[in-house]
Amino acid sequence: MDFSFTEEQQTLRKIVREFAEKKLAPRVREFEEKGMDYDLVRELYKLGVLGLSLPSKYGGGDTSFLDSILVMEELARIDPAFTMAANDTWAGAVVVNSFGKVSQKKKYIIPNLKGEMFSAFATTEAGAGSDSFSMQTTIVPDGDQFVVNGSKAWITNASVADYYIIWGYTDKSKRSRGITTAILEKGMDGFTFGKKEELCGFRASFTGSLYFDNVRIPAENIIGNPGDGFMHLMALLDAGRVAMAAMANGISQAALETAINYVKQREQFGRPLADFQSIRMTIADMWTELEASKLLSYKCAYLADKNPMSEELIRLASSAKYYASDVAMKIATDALQMCGSMGYSKEMLLEKYFRDAKFMAIGEGTTQIQKLILASRLLGSKKVIL
Amino acid sequence: MSLKVIKEKCTGCGLCYESCPNDAIDFDENDLPLFNDKCTLCKICIDECPQGALILETEVKSTAIDLSDYKGVWIFVEQNMKIIPKVVLELLSAGKDLALQLNIELAAVLIGYEIRDLASTLFQYGAEKVYFIEDQHLKDYRTIPYTDVLEYLVNKYKPEIFLFGATKQGRDLAPRLATRLKTGLTADCTGLDIEEKNLVQTRPAYGGNIIATIKTQRNRPQMATVRPKVFKMPELDPTKEGQLIEEKCDLQETDKWTKIIDIVREAKKTANLEDAQIIVSGGRGLGKPENFKLIEELADSLNACVGASRVVVDAGWIPHYHQVGQTGKTVQPKVYIACGISGQIQHLVGMKSSDFIIAVNKDPEAPIFKVADIGIVGDLFEIIPEIIKKLSNK
Amino acid sequence: MKIIVCIKQVPESTEVKLDPKTYTLDRSTSKGIINPFDVNAIEETVRIAEKFENVETIALSMGPPTAEDALKEALTYGLDAAYFLSDKAFAGADTLATSYTIAKAIEKIGSYDLILCGKQAIDGDTAQVGPGLAENLNIAQTTNVKKIEFLDESTLRVESELEDGYKIIELKLPAVLTVTKEINIPRIPNFKIARLALKKTIVKWGIQDLDNIDISKVGMDGSPTNVIKVETPEIKKDTIYLKGTPSEIANELIEKLKERHFI
Chain A
4 MDFSFTEEQQ TLRKIVREFA EKKLAPRVRE FEEKGMDYDL VRELYKLGVL
54 GLSLPSKYGG GDTSFLDSIL VMEELARIDP AFTMAANDTW AGAVVVNSFG
104 KVSQKKKYII PNLKGEMFSA FATTEAGAGS DSFSMQTTIV PDGDQFVVNG
154 SKAWITNASV ADYYIIWGYT DKSKRSRGIT TAILEKGMDG FTFGKKEELC
204 GFRASFTGSL YFDNVRIPAE NIIGNPGDGF MHLMALLDAG RVAMAAMANG
254 ISQAALETAI NYVKQREQFG RPLADFQSIR MTIADMWTEL EASKLLSYKC
304 AYLADKNPMS EELIRLASSA KYYASDVAMK IATDALQMCG SMGYSKEMLL
354 EKYFRDAKFM AIGEGTTQIQ KLILASRLLG SKKVIL
Chain B
-1 MSLKVIKEKC TGCGLCYESC PNDAIDFDEN DLPLFNDKCT LCKICIDECP
49 QGALILETEV KSTAIDLSDY KGVWIFVEQN MKIIPKVVLE LLSAGKDLAL
99 QLNIELAAVL IGYEIRDLAS TLFQYGAEKV YFIEDQHLKD YRTIPYTDVL
149 EYLVNKYKPE IFLFGATKQG RDLAPRLATR LKTGLTADCT GLDIEEKNLV
199 QTRPAYGGNI IATIKTQRNR PQMATVRPKV FKMPELDPTK EGQLIEEKCD
249 LQETDKWTKI IDIVREAKKT ANLEDAQIIV SGGRGLGKPE NFKLIEELAD
299 SLNACVGASR VVVDAGWIPH YHQVGQTGKT VQPKVYIACG ISGQIQHLVG
349 MKSSDFIIAV NKDPEAPIFK VADIGIVGDL FEIIPEIIKK LSNK
Chain C
549 MKIIVCIKQV PESTEVKLDP KTYTLDRSTS KGIINPFDVN AIEETVRIAE
599 KFENVETIAL SMGPPTAEDA LKEALTYGLD AAYFLSDKAF AGADTLATSY
649 TIAKAIEKIG SYDLILCGKQ AIDGDTAQVG PGLAENLNIA QTTNVKKIEF
699 LDESTLRVES ELEDGYKIIE LKLPAVLTVT KEINIPRIPN FKIARLALKK
749 TIVKWGIQDL DNIDISKVGM DGSPTNVIKV ETPEIKKDTI YLKGTPSEIA
799 NELIEKLKER HFI
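Chains A, B and C supply the protein sequences, listed in that same order.
In terms of our numbering, the first sequence opens at residue 4 and continues consecutively.
In terms of our numbering, the second sequence opens at residue -1 and continues consecutively.
In terms of our numbering, the third sequence opens at residue 549 and continues consecutively.
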């Protein structure tokens, strides 16, 4: 069991941290107010740090999944909304790579990893959040094309992305076997976008709805076969959970560092806050929980490479995701509290970490769903909804 | 340097011999190691010896120079189009002190072209001698011809101390000359003194976080570049005269000499921070690049230069030449006003030797207050405009 | 064309601990980085290599064993090779001994056209090694360079900073140039290039690897300057806090500035 990071991984972290501190950090507030600058995402592609786990034949790095996790942790330490958006710009490429044909891979992955095309990943609908199967979007064959009707909600990179991986029913009677995965492109007739959602946190990225009004797509825009959609989702969700865990850990890292720096400097009652036992106890807890959370996510990354469809990964991914979200919320809350009014003000970034952390328990599968998934694995039933 | 054995520590175990890759170790009759000339100083034996009985020893230099041959305190007179920078005059004053302590004469070294009449000024400022070389090749400063000529003068007249201003030119010339003369050079000194006939040089290092005291004990001349505005200006005595010692040089231009194509002077306004008397600096607390206007306005009303912390330069709010700090400029103005700057150590090292520091910051815990003479905890967007308003009323 | 860029590993923050006996840096406690001005030199080297054909780029550094990390990092910018001078004998060197030693290494690498250095190291702050190298190698030098232009493959036109402007200078290669931060904004290393760089072997040289070296000229023995003492100056201020309305504060501040004849 080798717990050390390779020299390559250490170098990767260093490069991403330099980018995050020099190019991203000065613009964090600007991105919250005005929305993020996607040119910075293009710069990340140029630096060669996005899409690492994809094949080098298409511009990826053939690296382990852990490398991508490290990238997300480092970026999220500075701006989780930017990180999630950046990650989602190639999430589509992951789907295409896992299940698409070579012609699809060349068409989408190559330009994506050059930063010339961005993707988005759309399962959620207004009426289908945790209850994915109640989605209303349909992808129905018509001659040599398919017709898409319906809508998606809360989609990161909506209107910015060039291609969208969406899921919809081809045949509702077949239940989970009737879901299809399709690629839609911006500009297709009938494909429109909703306005940017006003969120509590995660304000930098563009989150919005997608509307499909008789959008016609060629057959080659279907990934795999009609009806494969559910199987695709099951295979992809774990990676998404681990990515969220990594981002949550990034938020925790930032909040903890801020708190430690503050309590060492701030004096009350003649001593630095760091001298008081209540602070010391809390800091110890925060650090321990974050270390534990990181380890969970690293082990998941390791399993994702070694044994991607394993039972162990399915359990651990849910665990890692909800644990990291809980830890992020706790650390952000405790850190803000330690910094008092200063922490509550916009002079510091703690109030942002606090708002951003809250999302981690909601997106990519709520904490409640994660626990149900895990419990059902532990207690023997394969059914999630009882 | 050579290998030596500390006899009392050696146990005769022979591990050094066993580990030597060069067959350089033999033993005498007492089992003490002897090192022959196959030794490459690889020092494996030093590491292997369990008793730590082997050391590298410095050889006493038999070719040590006779220090008493070297007498005199020399000041290099940098000049550009006959303008002598203030630091040279400050050096005449510092040099005078040293010369008095050594009971030796103070000389100035003047080289260039058509600058003869500067000699009398140097006498009036306290030089007792002026070593003078005039040559067309020396009209503009260039490293190699200046080094060649100074080498000639030093070897002929043997000064014990040779001081240069720590200007761009001085710090280009002095190290080349010191290397040529194989002597010690101390950079950017802020203090000079004499102790037992040796020059004691004090200088900052680590961005000003330490002050080092340095001596050049075995080599001559003892060379130093000296920081401007540290020593006082000398008295001008218009009646003073001195001895002009003129030498000739025989210079041949070579490919190694550089060519001056042009000299571009830039308006003072574009931040010659290092010379500024008052600096108003802005940092991240300004919030956005447009707010730098506030800093510029305050600087204008104080006839000051604009400085910046690294954070805002990296963010592209203001060009790099305004940056104050470890990787920017080190400044010593009379007044430094830090607005919205937290005072990270990398910034502090660039400005903490300012005479009077005023800090304006919303955060009472900001480290900048540790070095501030005046602290204003508050909103700079309310306070700075008030200051500007009041200044314009006066 | 062969370019050698000389770099130094320095502590990340110049707030450092010193060995109270030898007055040298207690390097075990500080994190090392490439001297920031040397990063500008590396960036310039890579840019020249990108602009012209057949440019060989080499990083060279002298330091204790930990300094090898600086060379590893230098390679991630895309340089072709790295040489590391490390030996106990080199320790304690002042700028004269350092320039001598590094120059010997440069001579051994051979056939060089351009030597680039950062103008000064942020720990020593002397800015003396660049000119020292040029003198040892007996080649042209220009310091404080903020722009480099190639007029042809052996002639450069450079801009060298002055106190109040800059000089435009033409010089012939081979030459030593020391560069300022104005010359460029260094890139963030590209990970694809960095990965390849990590596979490179750094050539390590000790004193026995340098030809014709006079051991009395290296390390402490070769250093005419000696550090006698080092102190950390304490800056303690009795900060006077101005309070009140912005108007009152402004008035008081202006009074205080007037009192001291600053305005």
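Careful: at least some of the hints might be erroneous.
[What the hints assert, rightly or not] Pairs of lysine to aspartate or glutamate, DMTMM-like flavour, derived with a Cα cap of 25 Å: (1) Lys752/C / Glu10/A; (2) Lys765/C / Asp377/B; (3) Lys80/B / Glu718/C; (4) Lys84/B / Glu709/C; (5) Lys785/C / Asp361/B; (6) Lys360/B / Glu709/C; (7) Lys636/C / Asp361/B; (8) Lys791/C / Asp353/B; (9) Lys25/A / Asp5/A; (10) Lys41/B / Glu718/C; (11) Lys36/B / Glu718/C; (12) Lys579/C / Glu11/A; (13) Lys26/A / Asp138/B; (14) Lys777/C / Asp191/B; (15) Lys41/B / Asp29/B.
If you are wondering where the hints come from, they were derived from the structure by calculation, not from laboratory data.
A quick look at each hint next to the structure:
The straight-line distance between the Cα atoms of Lys752/C and Glu10/A is roughly 19 Å, inside the 25 Å bound, and the hint therefore holds. Only pairs whose Cα atoms come within 25 Å are accepted, and Lys765/C paired with Asp377/B is rejected, the gap being roughly 58 Å. Annotation: proposed proximity of Lys80/B to Glu718/C holds, straight-line Cα distance about 24 Å (limit 25 Å). Annotation: proposed proximity of Lys84/B to Glu709/C holds, straight-line Cα distance about 19 Å (limit 25 Å).
For the proposed pair Lys785/C and Asp361/B, the alpha carbon gap of about 18 Å is at most 25 Å, so the pair holds. For the suggested pair Lys360/B and Glu709/C, the alpha carbons sit about 37 Å apart, so the restraint of at most 25 Å is broken. With a C-alpha separation of about 48 Å, the suggested pairing of Lys636/C with Asp361/B is violated against the 25 Å cut-off. For the hint linking Lys791/C to Asp353/B, the alpha-carbon distance of about 22 Å falls within 25 Å, and the restraint holds.
Pair hint Lys25/A plus Asp5/A does not hold up; C-alpha atoms about 32 Å apart against a cutoff of 25 Å. This hinted pair does not check out: Lys41/B and Glu718/C have alpha carbons roughly 46 Å apart, beyond 25 Å. Between Lys36/B and Glu718/C the alpha-carbon distance is near 48 Å, which puts this suggested pair outside the 25 Å criterion. For a cut-off of 25 Å, the pair hint linking Lys579/C to Glu11/A stands: about 19 Å separates their Cα positions.
Restraint check: the Cα-Cα separation between Lys26/A and Asp138/B comes to about 43 Å, which exceeds 25 Å; the hinted pair is violated. Taking the CA atoms of Lys777/C and Asp191/B, the gap is near 14 Å; set against the 25 Å cutoff, the hint holds. Of the supplied pair hints, the one linking Lys41/B and Asp29/B holds, its CA atoms being roughly 20 Å apart against a limit of 25 Å.
When each numbered hint is compared with the structure, violations occur for hints 2, 6, 7, 9, 10, 11 and 13.
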